[in-house]
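Engineer: Chain by chain, the residues run as shown.
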Amino acid sequence: MPTMQVGNVTIELDEDGFIVDPDLWSEELAKVFATSEGISELTDDHWKVINYLRDYYKQFQIAPMIRKLCKETGCSLKYIYELFPSGPAKGACKLAGLPKPTGCV
Amino acid sequence: MPEYKGMKQAVRASEEDLRKIHMIPVPDDQKADEALKYLDEMRKKFRSFVTAMESCVKCGLCAENCHTYLGTRDPNNIPAGRADLVRKIYRRYFTPEGRWFGKLVGAEDISLDVIEEWYTYFYQCNECRRCAVVCPFGLDTCEVTMVMRQILHWLGMVPKLHAHVGHAMELTGNHTGLPKPGLVDTLEFLSEEIKDEFGVDVPFPVDKPDSDILYIPSSADFLLNPYTLMGAAMFFHYIGANWTIPSTMAEAGNFGLLFDQQATQRGNVMRLLDAAEKLGVKKIVWGECGHGWRAAKMYIPTLADRPVRWPITHLHDETSYYVQTGQLKLDPGKNNRPVTLHDPCNYGRACGLAENLRITLNACVPDFREMTLNREKNFCCGGGSAILFDDPEMYQLRIKFSQKKADQVRETGVGNNGDGVLCAPCSICKAQLYPMVEEHKLGVEVKGLIDLLGRALVWN
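Just so you know, the sequences run in chain order A and B.
Those letters in the first sequence? Residues 1 to 105, by the numbering used here.
Those letters in the second sequence? Residues 1 to 460, by the numbering used here.
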């Protein structure tokens with residue numbers, strides 16, 4: 001299984017590059033993911049999306065509906081794609097340390 | 001990107017993933033023997049499989065009728081060619097001519113290479129059954145894919161996507177892994193959205209005892225398809241239905257149909273019956289999910305271990321009835337954009353659900369343009385049987401698999417001004433088409449049919 005080094009911590013990734021253990025998430029990790037996703041700098045808007053996803057996941061153990069994410073963060077879907085070029089599921093969720101969404105998505 | 005001797009493959013479930021769906025992978029050095037044992041078992045059980053093995057005359061008609069072959073020009077994606085990947089083994093071990101003359105009659109010894117070919121190509125079939133419609137012998141090559149995916153499952157060769165879905169279903173009762181609080185939170189949010197956008201108070205009852213209708217949505221709707229859930233709720237509310245969504249079975253799909261038609265598929269059926277029993281409903285209504293509707297309509301009656309005491313209908317059998325009996329006031333002007341319809345393969349070819357879609361659609365939109373070809377002759381979106389793999393190599397294949405669909409949409413002209421609608425009333429189709437309409441630059445937005453009906457309803 002692929003791993004990633006963040007500071008002194010070795011973090012396990014799945015085949016899609018998502019972290020296996022969400023508890024190992026750190027801001028540092030989000031920054032490393034950002035680089036691999038081609039995001040040059042994490043702005044306040046990036047963090048707003050990431051923090052919303054993390055809070056929602058903590059409460060419900062699932063990613064929010066994309067429409068809800070847009071509404072609650074005030075970011076249109078188009079803008080989320082600008083922030084996270086791989087999109088809300090494969091980009092934003094990954095940076096926020098959520099597992100990859102499964103099912104017909 | 002997994003590859004085996006140059007063949008690109010879907011990421012497969014790890015040993016840990018497999019254990020979560022109760023499978024212990026067969027070690028590579030035992031796979032050949034085990035595969036033969038399972039093949040022998042399946043050929044004795046399934047006449048449809050044997051017929052396909054014995055009767056194909058390689059006329060080639062299926063080639064130009066399969067979108068996976070048209071998109072890739074890979075001979076192993078010709079339905080007859082795909083079936084040949086197992087036919088050569090079937091011939092070698094289960095026919096006298098194969099046993100005696102081997103290669104001379106196209107027979108081949110089983111090997112790990114062959115099994116890896118199976119994994120590669122039986123997961124490049126969309127199980128759309130278009131080949132079955134055109135085959136002069138009526139051979140249903142999907143039946144071959146189904147048998148082979150079952151054998152692959154028993155060998156421990158399942159795509160990660162399918163295994164994860166199997167596990168999520170067992171844990172939560174839906175494919176996306178939504179626990180009840182998340183499900184309720186989403187539905188409350190959508191109630192507010194309906195109020196904001198349409199000005200009506202529409203509740204989403206969850207686990208409401210003594211409901212008349214048990215509505216089974218696709219769980220993908222909770223992440224991706226807000227208007228599908230909103231449309232269904234508005235429809236039920238409009239007709240005054242006493243309805244509910246079961247939190248233990250918020251899933252119209254049944255991936256058992258797609259990788260394990262035994263334990264997984266049956267388990268999901270029993271889960272549905274339990275939910276219906278518990279909530280004391282009178283009828284079960286199925287949401288927008290193609291393979292799930294086939295699994296429900298065509299398989300529940302024989303897979304259920306108990307008598308099925310409830311009629312099971314599709315949402316659009318219901319909507320079309322209400323349209324035809326004049327019980328809905330609809331304003332097509334609210335969907336004032338050119339619309340075309342993608343017939344989900346499992347509706348059109350497996351369940352006879354084609355005319356009712358059109359009855360509802362025509363009542364909801366002013367400018368509906370049929371695709372050529374359509375109904376049971378329609379081409380698959382390229383996502384069928386949930387081969388929605390998204391690692392870069394497999395994603396490229398999905399683009400190729402959707403080429404034919406893209407051509408069909410373009411021919412209708414609905415996207416010429418960039419404001420068209422591609423109505424695709426199935427979750428797998430939606431998940432495939434959302435990115436594909438962008439890849440092929442079709443100028444259309446993908447929507448469910450109930451999405452359009454919800455918008456067209458006139459409330460006062």
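Honestly, the hints are just simulated from the structure, not real lab data.
Take the hints with a grain of salt, since some may be wrong.
Partner residues aside, some chain A positions facing chain B, computed with beta carbon under 7 Å [to be verified]: (1) 13; (2) 41; (3) 61; (4) 104; (5) 105.
Dumping the calculated BS3-like pairs for lysine-lysine here, alpha-carbon to alpha-carbon at most 30 Å [what the hints assert, rightly or not]: (6) B/297 to A/78; (7) A/100 to B/20; (8) A/100 to B/282; (9) B/5 to A/71; (10) A/100 to B/400; (11) B/282 to A/71; (12) A/78 to B/334; (13) B/8 to B/20; (14) B/329 to B/208; (15) A/90 to B/441; (16) B/5 to A/100; (17) B/195 to B/208; (18) A/90 to B/20; (19) B/180 to B/329; (20) B/20 to A/71; (21) B/45 to A/100.
Derived, one-sided and incomplete: chain B residues facing chain A with beta-carbon distance under 8 Å [unchecked claim]: (22) 7; (23) 154; (24) 178; (25) 185; (26) 223; (27) 248; (28) 372; (29) 373; (30) 374; (31) 427; (32) 431.
Quantities reported herein were computed from a predicted structural model and do not represent experimental measurements.
Cβ atoms here follow ideal geometry from the backbone N, Cα and C, with glycine treated the same way.
Engineer: In ascending order, which of the hints set out earlier in this document are inconsistent with the structure?
Structural biologist: 1, 2, 6, 8, 9, 11, 19, 20, 21, 22, 23, 27, 28, 29, 30
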